[in-house]
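Undergrad: The task is simple: from the sequences and hints, build the whole structure.
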Amino acid sequence: MKEETLLSINGVSVAFKINGEFYTAIDDVSLELHRDEVLAIVGESGSGKSTLATTVIGLHNMNATQVTGEINFQGKEILELSEDEFNDIRGDEMGMIFQDPLAALNPLIRIGDQIKESLDVHSDMTEDQKQARVHELLDQVGIPHPERVAKQFPHQLSGGMRQRIIIAIAIANKPQLIIADEPTTALDVTIQAQILDLLKDIQRENHAGIILITHDLGVVAEVADTVAVMYAGEIVEQAPVETLFNNPKHPYTRSLLRAMPTIDSESDELYVVEGAVPSIKDMDRNSDLFAPRIPWTKPDVGHPVLKEIAPNHYVRGESWREFKFKDEL
Amino acid sequence: MWKTIIRRVLIMIPQIVILSVLVFVLAKLMPGDPFSGTIGPNTDPKQIEALKRAAGLFDPWYVQYWHWIVNLFHGNLGQSYTLKQPVTTVLGNRIGNTVWLSLLSLIVSYAVAIPLGMTSGRHDGSRRDRGIAIFNYFTFGLPTFVVFLLGLYFFGYQLNWFPTSGTVSINASGFFAEASSRLYHMLLPGALAGILGTTSTIQYLRSEIIDAKSQDYVRTARSKGVPTSKVYSRHIFRNSLLPIAAFAGFQITGLIGGSVVIEQVFSYPGMGQLFITAITSRDYSVVTAIVLFTGILALFGSLLSDIILSLVDPRIRIE
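Residue numbers (UniProt numbering), protein chains in the order written: chain A, 1 to 329; chain B, 1 to 319.
No wet-lab data here; the hints were simulated from the structure. These figures come from a predicted structure and were not determined experimentally. Hints are not guaranteed to be accurate.
[Unchecked claim] For lysine-lysine, the following DSBU-like pairs were computed, each having C-alpha atoms within a straight-line distance of at most 35 Å: (1) B:Lys3 x A:Lys130; (2) A:Lys151 x B:Lys3; (3) A:Lys326 x A:Lys307.
TA: Here you go:
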């Protein structure tokens with residue numbers, strides 16, 4: 001899969017200002033995304049996945065955020081763009097799908113108009129063409145009776161339908177990059193599968209790249225090509241999807257995979273990774289950040305670095321070489 | 001849409017009935033009666049009793065209530081005991097004055113509060129926001145009568161910019177001259193009352209906007225590449241004005257209630273002034289009429305709020 005690079009994130013760090021001081025939320029992240037590729041970013045809540053996505057589409061409140069590093073999107077250094085220049089790209093060449101379909105639509109505006117807004121900003125179609133495109137999009141995301149639904153308000157639709165509307169908004173201008181932030185979290189399992197299929201279809205059609213943010217490893221196994229596992233704002237392991245599932249290295253990745261319930265598991269109890277991601281105020285960036293959650297393992301000294309241990313397989317630090325689960329000791 | 005409005009109007013009927021009973025009973029509970037102040041100490045008690053009997057004051061309360069309601073439907077609110085005129089005449093002269101004054105101050109209030117609230121919410125924490133907060137402390141903290149008196153003294157007596165009493169000058173003849181003279185008389189009290197009434201609107205709007213800014217649908221709008229100014233006008237302000245719209249109806253009644261002080265200070269012959277006089281002289285029929293009128297106005301205010309809300313918010317319409 002060596003195709004055209006769509007997006008390359010280079011040494012990006014993000015810090016938020018809290019009570020006048022900056023705290024690092026994303027630390028030196030580098031990633032690449034190609035056309036036709038689905039890059040999944042996984043991790044617990046608080047691991048920085050959404051922050052990273054928000055950085056790529058430039059939606060941080062810049063008064064309280066500091067972003068360093070480089071993000072190159074189709075040859076443009078997007079961190080150097082002005083707000084107006086970025087607005088030309090947002091919603092046109094890149095679209096974002098949000099996780100909460102209940103809150104992500106404006107309750108006072110008709111569905112059709114909310115989709116049309118994307119076209120209003122970026123295209124020079126006539127009103128009739130835009131109307132036709134809105135119906136076409138609704139049809140494409142699998143909404144029956146597009147003409148009728150376009151005139152409805154968000155509260156009149158079900159959660160699954162609203163999620164489809166959000167997708168229709170994100171893909172209105174056939175973006176090259178789709179960022180999907182937990183697109184299926186709020187939906188039940190059957191709808192989840194439909195939404196994932198839909199995303200795949202859209203991707204094939206536009207040869208788009210997708211960044212899929214999720215904490216659902218089942219979803220990852222189903223659709224991703226490459227997986228980056230994030231913990232405390234940094235990537236701890238990155239690999240093609242088969243490698244990651246068959247040969248996970250980092251203790252965090254292994255813990256996550258082990259915590260996944262399986263049908264043929266002999267145990268009645270789910271595996272739990274004790275503790276939680278530290279708050280960004282308490283992170284010591286000069287240490288092995290995951291070590292406190294596996295206290296029986298000897299931590300890396302200083303701040304562990306990401307190393308390529310096999311082609312395209314990156315793992316942070318060295319402690320993984322000796323890591324065993326508690327019950328394997 | 002119509003279903004919502006019709007349903008809402010029907011709900012008002014029992015509300016008005018309950019209101020009228022309450023108003024009537026409360027008026028009856030007031031100590032004293034209209035004759036105790038007007039009759040000399042040498043009047044024969046029998047004669048007083050006869051007068052009271054003729055006025056129906058010895059009938060059971062529901063009989064009195066029934067008479068009152070029947071008369072009400074005939075447009076007869078009774079006779080003012082002290083002014084010796086039909087209540088409708090007494091009120092009729094003054095309702096217009098008060099309503100116009102209230103309307104003017106409401107317009108001033110929104111004209112000042114909405115832009116200030118929007119600025120404050122959009123640029124929260126900025127120097128402008130802090131300036132507006134200081135303005136708010138003043139309008140909220142200063143006692144209204146002090147502001148009215150100072151305004152009257154300064155703009156009325158010292159600078160002579162505005163008339164100091166009344167509703168219209170005597171030599172204004174012709175529709176246009178009269179209308180402009182009336183407006184001129186209302187301008188100072190209306191503007192002062194309006195500015196003092198901005199506090200809650202500004203604060204509401206400010207916090208609504210700050211709240212709306214972090215809503216997911218605003219992020220969705222921004223992710224479409226919609227320019228910031230348009231995100232504000234189309235997504236943030238519109239949604240933030242909802243509670244203000246909901247409040248508008250009630251604001252109207254508040255202003256009419258608030259006109260008591262301003263009419264007194266500016267010697268403006270409106271209902272507020274009449275209300276005070278009527279209460280102190282135990283003029284039941286006038287008091288009940290005014291209370292009933294303000295009560296009904298409050299009900300209409302909330303009806304208006306609901307209609308405005310159902311117009312702007314699709315979620316509360318009954319389809």
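Undergrad: Quick one, are Lys3 (chain B) and Lys130 (chain A) close enough, alpha carbons at most 35 Å?
TA: Given pair Lys3 (chain B), Lys130 (chain A) holds - Cα atoms ~33 Å apart, limit 35 Å.
Undergrad: Tell me if the straight-line CA distance from Lys151 (chain A) to Lys3 (chain B) falls inside 35 Å.
TA: Holds, at roughly 20 Å.
Undergrad: Verify the proposed pairing of Lys326 (chain A) with Lys307 (chain A), using a straight-line Cα cut of 35 Å.
TA: Holds, because 25 Å separates the two Cα atoms, which is no more than 35 Å.
Violation of the numbered hints given earlier is absent; every hint is satisfied by the structure.
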